Amino acid sequence: MTPDLHLWLIPVLPLIGAAINGFVGRRLTRQAIVTVAIAFCGASFAMALYVALRFSGLAIPHLETLAPWIRAGSFQADFAFYVDQLSLVMLLVVTGVGLLIHIYSIGYMWEEGGFYRFFCYLNLFMFFMLTLVLASNYLLMFIGWEGVGLASYLLIGFWFTKDSAASAGKKAFIVNRIGDFGFLIALFLMIKHFGTLNFDRVFQFAASMSVENATAGLLTAIGLLLMVGAAGKSAQIPLYVWLPDAMEGPTPVSALIHAATMVTAGVYMIARSHVIFERAPTALMVVAIIGTLTALFAATIGIAQTDIKKVLAYSTISQLGYMFLACGVAAFSAGIFHLMTHAFFKGLLFLAAGSVIHAVGGEQDMRKMGGLWRKIPWTWATMLIATCAIAGIPGLSGFFSKDEILWRAYQASWAYWLVGVVTAFLTSFYMFRLMYMTFAGEYRGVTSDHSIVQEQAPARSRPSAAQAHHGIHESPRVMLIPLAILAFLSIVGGWIGVPGSLGGSNRFDRFLGPVFRATAPAVKPQHAAPGETAPPEQTTEGLESHTGRGTELAFTGISVFAALLGLYLARLLYLRRPALPERIAAALNGLYAAVANKYYVDELYATLFVHPVVEGSKHILWHGMDQGVIDATLDNSADATRHVSDSLRHMQSGNLRSYAGWVAAGAAVVIAYMVWTGTR
Amino acid sequence: MVPLSYYLVLSGVLFACGVTGFLIKRNIITIFMSIELMLNGVNLSFVAFAAHWHALSGQIFVFFVMVVAAAEAAVGLAIIIAVYRTRETLNVDQVNLLKL
Amino acid sequence: MSLAFQASQALPRGTDYLRILPELVLSIFGMIIMVLDPVVDQRRNQKALGTLALIGSLAAIASTLWQARAPGLAFWNMVQVDTFSVFFHFLITTITAVVILTSYEYMEVQQIRVGEYYALILFGAVGMCLMSSAVELVLIFIALEISSISTYILAGFRRRAAISSEASIKYFLLGSFATAFFLYGVALMFGATGSTSIPTIEQHLRSGSIPVLAYVAIALMFVGLGFKVAAAPFHVWTPDVYEGAPAPIVGFMSTAPKAAVFAVLLRIMFQIHAPGRLGLIWVAAALSMTLGNIGALVQQNVKRLLAYSSIAHAGYLLVAFAALPQNGIPSAMFYTASYAAMNIGAFAVVSHFGGAGERYVTLEDYSGLGRRSPVLAAALTLFLLSLIGIPITAGFFAKFYVFSAALQANLVGLVIIGVINSAVAAYYYLRVIVVVYMHDPRDESVLPAVPLELGAALAITALTTIYLGLLPGRVLDYASRSAGDLLH
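Residue numbers (our numbering), protein chains in the order written: chain A, 30 to 709; chain B, 117 to 216; chain C, 114 to 601.
Hints may contain errors.
[What the hints assert, rightly or not] Cut-off 25 Å, straight-line C-alpha distance, at most; resulting in silico cross-link-like pairs (SDA-like, lysine to any residue):
#1 B:Lys141 x B:Glu152
#2 B:Lys215 x C:Val545
#3 A:Lys221 x C:Val525
#4 A:Lys199 x A:Asn665
These aren't lab readings, by the way, just hints derived from the structure by calculation.
Quick caveat: nothing in here was measured; it's all calculated off a predicted structure.
Based on the sequences and whatever the hints tell you, model everything.
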């Protein structure tokens with residue numbers, strides 16, 4: 030008998046917080062709003078910790094049914110929660126990082142209008158995200174999936190009076206719809222062929238199917254459609270375009286939703302559906318290729334961005350590409366490992382960037398920063414740690430997770446590895462570029478004139494705008510403490526997954542092992558690493574003899590070298606010879622412009638899709654179909670119906686005897702009909 | 117012995133008389149009496165079937181029906197009085213404020 | 114089987130009384146109210162009798178729950194307590210409690226002497242409860258009459274209003290007319306099978322060839338019951354009666370007796386395996402949906418609009434009766450519960466808003482309600498959305514289950530008619546919402562505050578509407594088990 034952990038409380042607690050702030054928040058003081066938001070989010074985190082503590086005593090996967098939900102014939106979907114190693118990791122990351130960002134937001138949003146609205150949305154987001162993570166069936170997961178999309182939409186457009194914010198929210202919503210469409214069709218396919226959406230049953234069915242090596246069958250179709258959904262939510266090619274625009278939202282939102290948690294939902298979903306993907310090598314290959322391309326593509330765009338948040342946004346897309354690459358080579362635990370470390374350091378990077386923006390009075394353009402490290406040392410220090418972590422400097426969390434992915438990618442194909450290493454180099458380069466531009470050198474901003482505040486806030490009183498007159502200042506403690514904690518995690522977060530070649534035992538991989546290895550197909554997918562076919566108890570690290578520890582160390586050396594090269598180049602270009610970048614940009618005129626303009630993808634989409642659709646719907650759908658056909662039909666049929674209705678009213682003459690006549694006539698018809706059936 | 121069908125036909129005729137009376141009469145009291153006629157038609161068939169099946173219960177049912185009819189009559193007359201108070205008529209064709 | 118014959122054998126056992134405990138509790142409280150009525154000072158304490166009735170209905174709910182633990186037959190196989198009857202007992206007693214809550218303010222505002230009002234509600238509930246647990250046709254007839262006679266009187270309780278007594282007389286005469294048909298059906302069924310006990314009839318009809326008499330009996334019973342649930346073509350009385358009757362009573366009439374009669378219909382249609390039911394139900398369902406919705410389109414009076422809507426909903430519900438028993442029964446039960454929640458809620462709003470003499474009942478009166486009373490408007494909107502069948506409200510799952518049950522029985526035509534009707538219905542419900550929110554108020558006068566009891570009633574119905582719309586599983590599970598009990 031497994032204990033009842035009341036898992037439902039974990040998502041519901043933030044929902045209560047959201048409800049309180051949503052309904053009565055307007056009348057509460059800021060302190061009360063904060064207390065409510067933090068208390069419910071914190072309680073949720075405490076519950077997650079409690080689950081982690083009790084975890085060893087559970088039968089895995091641990092299922093708890095809160096209430097039956099939909100029953101239609103044999104189809105059944107319940108409000109039921111599902112905990113295994115995978116969801117536990119996600120649970121801790123979401124609640125932990127979520128709580129830190131909640132705390133940080135107190136400082137960041139303190140002077141903003143709509144304070145209660147912000148925390149209400151933030152808590153609402155936590156509710157949906159936790160539902161997504163804990164769901165025991167795809168339908169409930171989809172509810173969470175849609176819900177986080179909604180929360181994200183609300184938060185991106187938080188400063189809704191600003192046009193760009195509102196349209197960014199819309200863009201995110203619409204692009205995500207495309208992905209959701211794929212996800213939904215995948216769900217319909219599952220219902221049709223498996224008759225269920227419950228994880229255990231779906232995976233049972235899938236596990237009993239053979240690997241679709243030569244043929245592309247049902248599982249491949251489902252896998253590809255799921256990937257469409259994941260590409261939308263996790264901003265992969267070709268659906269990544271919404272994420273950079275999403276930076277219109279307040280910075281804590283970027284940190285929580287668009288870096289640490291929501292955008293990783295796609296990775297989680299793919300990892301959760303690994304049983305399906307393992308049996309659909311074609312789908313896996315698509316995942317890997319999309320991930321690799323996105324990683325490289327986004328990293329090159331990141332090089333030329335000047336907006337500090339945009340750099341981080343493209344960096345996020347690129348890192349998500351790594352995670353998909355890992356999933357695509359069937360190294361799901363490596364992908365989840367990177368997801369976790371990424372949540373730490375990317376959350377930290379965004380928060381630190383927020384702190385920088387806060388310090389310089391809402392300025393986001395790195396060209397107007399510089400020399401800040403003396404003035405905001407704490408922010409600088411923590412951001413430096415995060416940068417080292419993401420760049421893959423040995424010893425920090427990002428190093429271990431990225432190394433693991435690259436190594437597993439190499440085992441699948443050297444091409445993945447090569448692109449991965451190049452991306453690692455680019456990552457290191459644009460991150461240190463960001464650091465040098467922001468913190469090193471001389472301050473390039475205008476200290477006296479802060480009337481042109483470029484950050485998101487409209488005319489409302491930005492705290493920093495007012496404070497900027499007193500000079501650049503370090504953020505309050507309530508913002509620095511989350512930074513410090515995340516910095517700590519960015520350092521040590523990787524140590525739980527030190528691979529065998531570096532003298533570790535990769536406990537993380539072994540912890541997730543039961544999830545991913547128990548269901549591995551008997552036949553080796555053409556594409557997956559040799560380790561994946563190992564029997565359940567054997568971890569990948571146990572197979573070192575195949576390729577040799579020395580080789581792995583050599584590859585590690587190469588990626589470290591790539592990272593250091595990036596660092597060196599950034600130092601050279603942006604510290605030693607600040608004039609050089611411009612000359613290079615001038616020399617590579619066309620290429621630079623293309624990169625700086627994000628390869629004109631937005632413009633391409635606008636010409637290819639948005640414009641034709643808008644024009645088409647205006648002329649054909651609106652004028653032609655809607656007004657010409659549908660409205661006319663509806664108007665006419667509505668008129669006709671109303672006409673019928675009017676004449677039918679005369680059945681209701683008000684005369685009792687005519688009523689009795691109707692009843693008697695009806696009775697006569699009924700009796701006649703029944704006598705007819707009876708004697709037939 | 118009179119065959120069962122005779123009783124059934126008679127009861128059917130009584131019931132039909134009641135229905136017809138309900139439809140053609142204008143006075144509320146007469147309409148109400150038509151309903152009683154319908155119920156008595158039913159009662160007759162109950163008794164006839166009781167004899168046919170040699171089941172005493174059919175005859176007992178008649179008592180129940182009569183009790184219910186009495187209760188209905190009491191309530192019905194009260195309602196008729198209430199209508200008469202507000203309308204000062206018992207012509208059912210003039211009780212037609214509610215329509216359409 | 115001959116009850117007189119068995120009655121001579123033994124007196125009722127003690128457990129027999131347990132099986133009609135809710136009915137007993139309701140009757141006793143009803144009688145206490147009748148006795149206290151002349152004693153209690155009405156002027157000063159209108160609420161005393163109501164509170165007593167409320168306690169009575171709560172006690173009935175409690176005794177239903179208690180009774181649920183000991184299912185079985187009672188009184189020589191005339192009454193059966195099983196999950197099916199418990200479901201309807203619980204539903205009916207809860208409806209009674211909520212209706213009593215909505216009546217407090219109404220009676221005060223209309224300045225009606227309470228008198229036997231609450232007692233009649235309780236007596237009506239006795240009949241309805243008994244209908245859902247009776248497995249003997251004559252007992253069903255008596256229960257039907259108990260509930261009907263109470264509602265005839267209640268419909269005319271606004272004695273001073275001409276339309277109220279007109280509603281009462283129309284309901285009474287037509288109701289008695291229809292009941293006579295039902296009774297004739299019972300007599301013919303007795304003639305065809307020699308019994309009035311539902312299990313015995315079922316055995317009899319199953320064992321041999323079915324006599325034509327049984328077909329006619331089913332037809333006549335359907336006429337009587339179809340009248341009570343306002344199924345076309347026996348629906349003509351509904352708009353008039355609903356318009357004239359006091360609003361809380363309309364909320365009561367349109368839900369509790371309907372639920373009880375649907376319970377009886379479920380027993381007759383499914384437990385007896387009524388021969389020839391399919392065609393009968395098909396036509397009645399299609400007609401009710403269509404006539405109800407089309408009739409509602411042009412209505413200006415909100416009570417009358419809701420009356421037409423209740424005809425349409427009876428039609429949706431009947432669709433379930435044409436489906437296979439194992440899907441049809443639970444979906445019909447779920448529908449009755451959902452419909453009860455949203456409809457009583459809607460009529461609670463109507464009764465509060467109507468004001469003294471029910472003056473404000475037309476659509477124009479509702480214009481700008483959203484600004485005058487946001488809470489009331491929000492509640493009304495929720496109930497109307499549920500009546501349309503918008504997701505996350507009870508109405509959605511109710512329709513969903515009924516239509517999916519019909520689809521499993523390959524009733525594609527009926528489902529298409531139903532879906533088209535739902536689309537038509539959205540028009541007139543939305544029209545009310547549009548008027549409530551988009552039109553300027555005609556009358557800026559301040560609405561009386563919503564009193565505590567009415568607030569409680571609105572909260573209960575609204576929460577139930579949302580609960581059934583979010584978590585229908587538990588209720589549906591219970592209904593499925595009841596269906597199993599009903600079919601053995």
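(message) Tell me the numbers of any earlier hints that the structure contravenes, in ascending order.
(response) 4
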